[in-house]
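> As a plain string of letters, each chain reads:
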Amino acid sequence: MTRTKIATVWLDGCSGCHMSFLDIDGALLDLADRIDLVYSPLVDRKDFPDSVDITLVEGAVSSEDDLAKIRKVRAHTRTLVAFGDCAVTGNVPALRNSVGAESVLRRVYLEPDLHAPQVPNLVVPALLNVVKPVHAVVPVDVFIPGCPPSAKTILYALTELLDGRMPDLSNRTRFGA
Amino acid sequence: MTRVVTLKIDDIDATGREDETVLEVALEHGIQIPRLCALEGLTPVGACRLCLVEIEGTGRLLPACTTRVAEGMVVKTNSERLRKYRRMTIEMLFAEGNHVCSVCVVNGRCELQDLAVRLGVDHIRIPYLYPKRAVDASHERFALDPNRCVLCTRCVRVCGEIEGAHTWDLMSRGIDSAVITDLHTPWGESDTCTTCGKCVQVCPTGALFEKGMAVGEMTKRASFLATLAASREDGR
Amino acid sequence: MAIDTVGALPDENGKQRLIVLEHAGKIDPEDIEAYMAVGGYATCSDVLQSMTPAEVIEQIRNSGLRGRGGAGYPVGLKWSTVAKAHGSQKYIVCNGDEGDPGAFMDRSIMEADPHRVLEGMMIAAYAVGASRGYLYVRAEYPLAIKRLKHAIKQAEKHGLLGINISGTPFSLSLQVRLGAGAFVCGEETALLASIEGRRGQPRPRPPYPAESGLWGCPTLINNVETYANIVPILREGAEWFASIGTERSKGTKVFALSGRIARTGMIEVPMGTTLREIIYDIGGGIPDGRTFKAVQTGGPSGGCIPAAHIDTPVDYESLKQVGSMMGSGGMIVMDDSSCMVDVAKYFLEFCMTESCGKCVPCRVGTAQMYGLLEKISEGRASLDDLALLEDLCDMVANTSLCGLGQAAPNPVISTLRYFRDEYMAHIVDKTCPAHVCPVSRKEAVR
Ligand SMILES: Cc1cc2nc3c(=O)[nH]c(=O)nc-3n(C[C@H](O)[C@H](O)[C@H](O)COP(=O)(O)O)c2cc1C
Ligand code: SF4
Ligand code: FES
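Which chain is which? The protein sequence lines are H, X and U, in order.
Everything in the first sequence is counted per this note's numbering, starting at 1 for the first residue and increasing by one.
Everything in the second sequence is counted per this note's numbering, starting at 1 for the first residue and increasing by one.
Everything in the third sequence is counted per this note's numbering, starting at 1 for the first residue and increasing by one.
There's no promise every hint is true.
Computed list of chain X residues with no C-beta within reach of chain H, every gap over 12 Å [as the list claims (entries may be wrong)]:
#: 1; residue: D11
#: 2; residue: E20
#: 3; residue: E24
#: 4; residue: E71
#: 5; residue: Q113
#: 6; residue: A116
#: 7; residue: D122
#: 8; residue: H123
#: 9; residue: P127
#: 10; residue: K132
#: 11; residue: E161
#: 12; residue: R173
#: 13; residue: G197
#: 14; residue: T219
#: 15; residue: A222
#: 16; residue: A230
Straight-line distance between alpha carbons at most 30 Å, and here's what the computed BS3-like set of lysine-lysine pairs gives [stated by the list, open to error]:
#: 17; chain 1: H; residue 1: K5; chain 2: H; residue 2: K152
#: 18; chain 1: H; residue 1: K69; chain 2: U; residue 2: K375
#: 19; chain 1: H; residue 1: K5; chain 2: H; residue 2: K69
#: 20; chain 1: U; residue 1: K430; chain 2: H; residue 2: K69
#: 21; chain 1: H; residue 1: K69; chain 2: H; residue 2: K46
#: 22; chain 1: U; residue 1: K149; chain 2: X; residue 2: K76
#: 23; chain 1: X; residue 1: K198; chain 2: X; residue 2: K211
#: 24; chain 1: X; residue 1: K132; chain 2: U; residue 2: K375
#: 25; chain 1: U; residue 1: K26; chain 2: U; residue 2: K149
#: 26; chain 1: X; residue 1: K84; chain 2: U; residue 2: K320
#: 27; chain 1: X; residue 1: K84; chain 2: H; residue 2: K152
#: 28; chain 1: X; residue 1: K76; chain 2: H; residue 2: K152
#: 29; chain 1: U; residue 1: K149; chain 2: X; residue 2: K84
#: 30; chain 1: H; residue 1: K72; chain 2: H; residue 2: K46
#: 31; chain 1: U; residue 1: K26; chain 2: H; residue 2: K72
None of these hints come from the bench; they were simulated from the model.
Glycine included, C-beta positions come from ideal geometry on N, C-alpha and C.
Please build the complete structure, drawing on both the sequences and the hints.
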């Protein structure tokens, strides 16, 4: 039996959705027989693979780096899953949208009484002015709302996808669940 | 004298008094119609448009909450077309404000959130508008977070019709519409507010809440309204 | 004499027919004697002395007159509904809010012939049994307001308004109320709320004002031009009136011609006159050697009619058939220098800013549609955006509470129907064929 190639990525999130994924505990072992985790913050691999069956995306699109990443992920993924509220709605990362990126940076880096206040611009990627949910940037195939979605919901959704079905998540999770 | 009429709602034979609305009669027969602005005990205003139904022979959609039943009426409450419009309405509400369920006091007990689940809204296709709206936490016991307001005007109505204080009202128009206290002065400085808290209890979302509540801790209790309304009617 | 009022445009080709505007610019509107000298108030007197309310309504019904304020509802039917409605107190209201950009028909009528409007209202009040009435006029029309108030005073002095008019049991008092300029206050239920001193927001109908209007009482509300048609109908007879116009649209209609046309101004034509006759024979065609592209009728919530349909007769049904509507009589002519995406965006912006905000589809939907049109005009839109725009048009039109929201998508729907290629040019080729939209400025920079 060929295993389904699965990837997980995180953009602007808190990694809580990944934690919830790990919370499926024992079922992870059963899953392990059916999947090949080809890319993830949890595994050691630098580049996103050429062809992935299912990718779970945690987090909203907040920076230039997120943007480049999600475009690449989309191009190499068959079924893209918006995984958790940040990916689905923008959630907490998008709270800054009503004030804009610049005022956030100013407040954090320039207004406090620091020795040499400056906005970091080396190494860290530039923030987008507007944080977006994943589907506002690239097409998304499955949405799993929840902050984070429960382990049960994740297991259900993944099992359905592995079995070649579209998961019906209504009544299993919701925004903010 | 009010007559009793018979009608069909979703192929169920229903009876109602002619002074009842389609919504009231539907509920009496166990038929749920999605709704947000309507609340038993308050004058219906037909604003949210979620309860729109198809009535044979009218050619247009009518709000169940304001439309009176009539003899021989044939009502459809749940067609594919209505479900589509309702989903879009919910999406519009989410896109219009800044609804962040995960950090809201009524997370898990919110009528907007429930409606999204019920109508199968799992993401918002239309662009978020991200308005900039200031929180008013000047009142000693309650607070208003207009980011979560859906402009159902339940607070305006309960304050005017039931409490008789008329502290709440609307200002501006269109997408800039907002609920305000008195003449847009801070709630805490209001000299009409009686601190009865009815507005907080009828608010369907976390826009009006009691201070000191953390995420998901607040439960709204609007049931007092129906009791009040009923006893007032008896008293008359 | 104060005949500083606007009459109709000159009529070189004999295409006009002045009924509503018969006195406009010809008599002193501030002098009741001048109005009486041309037969004014004689019709009302005759009616009071010799006709029953039912007979008046019968005449109006037989004339085929339909409301001139937008929807074209049969006037006789509305009057008989109010007449039959239960209630010891009934009201009569004249809608002079005229909020459409580019419209000035009602304003001109009120300024040029205020007594004609009052006389029409008196006859209507007699017919439906109303004893009190209001003229709701936007505050931006100070001259109209001044003249109406003056006219009411004069009529009171002459015993034409007040208690037991002309020695009959009929009594009527009229007052002018000012609107603060919100377009939505022209919608009848919002207008009534405004007169009552409440926030000018529409409410669901039914109940219609005819059954439950001002302070819950049966209320007749008609448009200025509608009332201005009453006197000639009763003076000349219903058959005479019904002989003018088309099968289902009787009489004349006043239009305000504006935009890319040689002669702008007011005209009055029999129903059924074609757009071509109006634009070329009366309006003098398109200036500067440009070509005719489209005409917007029905105001901001009407539709754009393209050159292919220039032989459409103006009547309620024909205009609807080509995706527009009669509306209150605005007529904006566009030539080939106009971009239809830009036109749709302009009208939608108007509806967005004038939305009262009560119902979700109009409040949020118009803002969303405007955002999408902006995206299209800036060359940032995809075909998915266009699909979403069309979805929104459908939803807003079918679920909004009042006519404002229900009609707000019309300019988008009609331009998409006739000028889809222009939308495609903006979306796919990232160009604005008329070089109006920001996308074409970007092009120039590139
Ligand atoms: C948004 C909106 C604005 C309107 N504005 C006007 C107006 O300015 N003048 C008017 O006579 N009717 C206006 N109407 C139509 C009125 O609601 C009403 O139909 C009309 O006054 C009835 O008079 P009629 O039957 O004589 O046309 C408007 C309707 C809507 C929905
Ligand atoms: S359609 Fe627009 S103007 Fe009319 S009630 Fe709704 S929000 Fe107000
Ligand atoms: S519940 Fe009827 S319109 Fe809101």
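> Please write out, lowest number first, the hints stated earlier that are contradicted by the structure.
Of the numbered hints given earlier, those the structure breaks are 5, 6, 7, 8, 9, 10, 22, 28, 29, 31, listed in rising order.
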